[in-house]
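Those protein sequences? They're chains A and B, same order as listed. Just so we're aligned, residue 1 is where the first sequence starts under the working numbering, counting upward by one. Just so we're aligned, residue 1 is where the second sequence starts under the working numbering, counting upward by one.
Source of the hints: derived by calculation from the structure; they are not laboratory data. Remember, predicted model here, so these are calculated numbers, not experimental data. The beta-carbon is built from N, C-alpha and C at its ideal position, and this holds for glycine as well. A few of these clues could be false.
[Stated by the list, open to error] Here are a few chain A residues that face chain B, going by a calculated C-beta distance under 7 Å:
| no. | residue |
| --- | --- |
| 1 | V209 |
| 2 | R239 |
| 3 | L351 |
| 4 | R353 |
| 5 | S357 |
| 6 | V358 |
| 7 | V359 |
| 8 | L360 |
| 9 | L373 |
| 10 | P385 |
| 11 | F389 |
| 12 | A399 |
| 13 | Q403 |
| 14 | L405 |
| 15 | Q409 |
| 16 | V410 |
The chain contents come next:
Protein chains: 2
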Amino acid sequence: MRELAGRARRAGHAISRARGEARAGALEHAAEGLGREGAAVLAANALDLEAARAAGLAPALLDRLALDPARMAAMARSLREVAALADPVGEVVREYRRPNGLVVRRVRIPLGVVLIIYEARPGVTAEAGALCLRSGNAAILRGGSEAARTNRELARVLREGLRSEGLPEDAVQTIPTTDRSALDHLLVLDTLIDLVVPRGGESLVRTVVERSRIPVVKHYKGVCHVYVDRAADPDKAERIAVNAKVQRPGVCNAMETLLVHRGRTADLLPRLGEALRERGVEVRGCPETVRRLPWAVPATEADWPAEYLDLILAVRVVGSLEEAVDHIQTYGSRHTEAIVTEDPAAAREFLDRVHSSVVLVNASTRFNDGGELGLGAEVGISTSPIHCFGPMGLEGLTALKYQVLGDGQVRE
Amino acid sequence: MRELAGRARRAGHAISRARGEARAGALEHAAEGLGREGAAVLAANALDLEAARAAGLAPALLDRLALDPARMAAMARSLREVAALADPVGEVVREYRRPNGLVVRRVRIPLGVVLIIYEARPGVTAEAGALCLRSGNAAILRGGSEAARTNRELARVLREGLRSEGLPEDAVQTIPTTDRSALDHLLVLDTLIDLVVPRGGESLVRTVVERSRIPVVKHYKGVCHVYVDRAADPDKAERIAVNAKVQRPGVCNAMETLLVHRGRTADLLPRLGEALRERGVEVRGCPETVRRLPWAVPATEADWPAEYLDLILAVRVVGSLEEAVDHIQTYGSRHTEAIVTEDPAAAREFLDRVHSSVVLVNASTRFNDGGELGLGAEVGISTSPIHCFGPMGLEGLTALKYQVLGDGQVRE
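Isolated chain A, as found in the complex (with noise of 0.2 Å):
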């Protein structure tokens, strides 16, 4: 593993300085490639697939797992689009003057060597893969082992995409074996890795939080709230929150809790409960929530913290704004909030005093997502504010540094 993560770190060093227009051309390149070796990778799919039947993996799972030429397609398109986002590197941030006359600049560069662990999804190795060799940097990339043979092939024809432009191909590497061993010496390599990106769930985020000297971008959970204030207006909040809990429950930035303003329990609490109950969702409510809506479950403490990724929704009724947003610092998890609401004021201090990655006004918790806040597409989405908070995109893989231009300056 050192040495693997060693052969990063000098791919790194080549990748980080070449051309903006060579490290897009690679994914171009890429893109190709997945067209014209399609079957290649969907040979060594069905393999994985088999293999992963056999051990009698779970459907969601297999279907996770699996490509298809329709996927194949969208696997090249989102490189495409990666090779046609802006160039992060080399943007000259700031730039000012000293009143010694030396002139700072703050310039961003690519990050190093990143370190990608993922379950057995193959459409990241295309994607993360994709963003770290676009802001400069070297990936090493540990997709599930279910997954091994096809992300083999998908690093292939990454890599022919590099050498087709001159760049060193262990600017992405696949781990090679299925040795769970392995991560736990990744993760020590502190000198040779310099960020790693757990994408999965919260076990697999924890174990690498506790065994990792490398700093880790987290995402844990989005546990996310919709607050309806009493000044809200009824259709958006009808609309945000169907869109917030049901276009797709399974997903990370899906509304989990429901607030509501007391003011309000009368009229809009019937009337969003219905509205949820008749899309199949099961409420688990405050004791006020129940008797406004008699076939509401009665929530326990533990629906609070919750993050169901399925179609059950806790409601909880709040006497103010201020107890919506402590019961947001309780039980949160700082992933997205949004407030419905059309008095300004109120907007302005859920704006302020929620430190949430994503805070919304009068808009669906769905919106937190690197293609709809414009990035382009993202590694994953940051709850802890180090380093890189909400979507983590192209600059989320890159760093700043300083450039000093003196004439022969020295401290006195």
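Please build the complex by placing chain B on the supplied structure of chain A, with the hints as guidance.
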């Protein structure tokens, strides 16, 4: 420890939404308090010093620990300077509109709770505490046990400053015990503490990195290089080399290795060698250096990655800028590197290719400093690119959240 961190978290919520004037006011009150309560602080410091002397602490460490009226005045001045810095909290760094009408803003917010771990330097208590408060964070200060009484008094003054502005005193806490296991208990509280900044020697930083589940901003060591290029101006080269090595050899931004282009071994190397030798610097040179400076000690492999923090300098002759960059990538610590050259192409190449936190052209490495680069003050200097690279001032103690303003938008 969990209770203490929980108090910090709650105080962090409160101070994160306090007005900037109140946070600045608390520091001004504390500066006054240092004047008013100077005698109590000095009395506590005298007890710490007495115990440290009895325990046989080295004179250099006793000097770091000792306070006197001049140092107290410097501390009060530094509190006032931090109070006068522009408030980073609430700054809108970017604002843009998405095609669906959503307005997206990136807004600067405090990190939350910051744990500072340092050795027996009471000045850090005041300065790091002040930077945390100014940026809206709660601080947990864990200074060396030798300074426990002094730090308690200093924290009391900061807490009185907070109280006088109606802010929660628990936004500054010192660790009340000299129990070594306290730190281990704190370092796993990653839901209550957002960032750890260890300020001190390499072994302290390593221990913290190994044990912490909380993100760490690391400052390992400063193996800083000056590369004298083929096109170097002799006067600038001498001025910069002498300043970088001699002005304050015991600090992390002092030069530890001088690289000289082969084309300048006849004229410049002897001149630089003599200038350094006159100032008491011991040179440890590569074979070619020793041929030119017969009084120099032959360097061993151990000299290239060494951080001497003393009047000792490693000197190596290199054949090209490329070779200088390779040497820096192999042995450097990503802290600070400078090139001396009159050739714009060489300057540009060095600036582009060396990914250290601060890279300079024709200026002393000693400028890698929060004050010198215009940040006002610093909690430390980060040598890893994650979150903050280089001097960590107020901005390094903040994060960017997304605010999204909609009018009922949902995802299709």
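Hint check results:
1. V209: Since chain B brings a Cβ to about 5 Å from V209 (chain A), closer than 7 Å, the hint holds.
2. R239: Constraint on R239 (chain A) satisfied, holds at 5 Å.
3. L351: holds (5 Å)
4. R353: holds (5 Å)
5. S357: At 6 Å from the nearest chain B Cβ, S357 (chain A) passes the 7 Å test, so the hint holds.
6. V358: Holds - the Cβ of V358 (chain A) comes within 7 Å of chain B, reaching about 4 Å at its closest.
7. V359: Hint holds; V359 (chain A) Cβ to chain B Cβ min 5 Å, cut 7 Å.
8. L360: At 4 Å from the nearest chain B Cβ, L360 (chain A) passes the 7 Å test, so the hint holds.
9. L373: With Cβ-Cβ at 6 Å, under 7 Å, it holds.
10. P385: With a closest approach of 3 Å, the P385 (chain A) hint holds.
11. F389: It holds, given that the least Cβ distance between F389 (chain A) and chain B is near 5 Å, below 7 Å.
12. A399: holds (3 Å)
13. Q403: holds (5 Å)
14. L405: Holds, because the Cβ-Cβ distance from L405 (chain A) to chain B comes to roughly 5 Å (cut-off 7 Å).
15. Q409: holds (5 Å)
16. V410: Given a least distance of 4 Å, the restraint on V410 (chain A) holds.
Hint compliance for this structure: no hint is broken.
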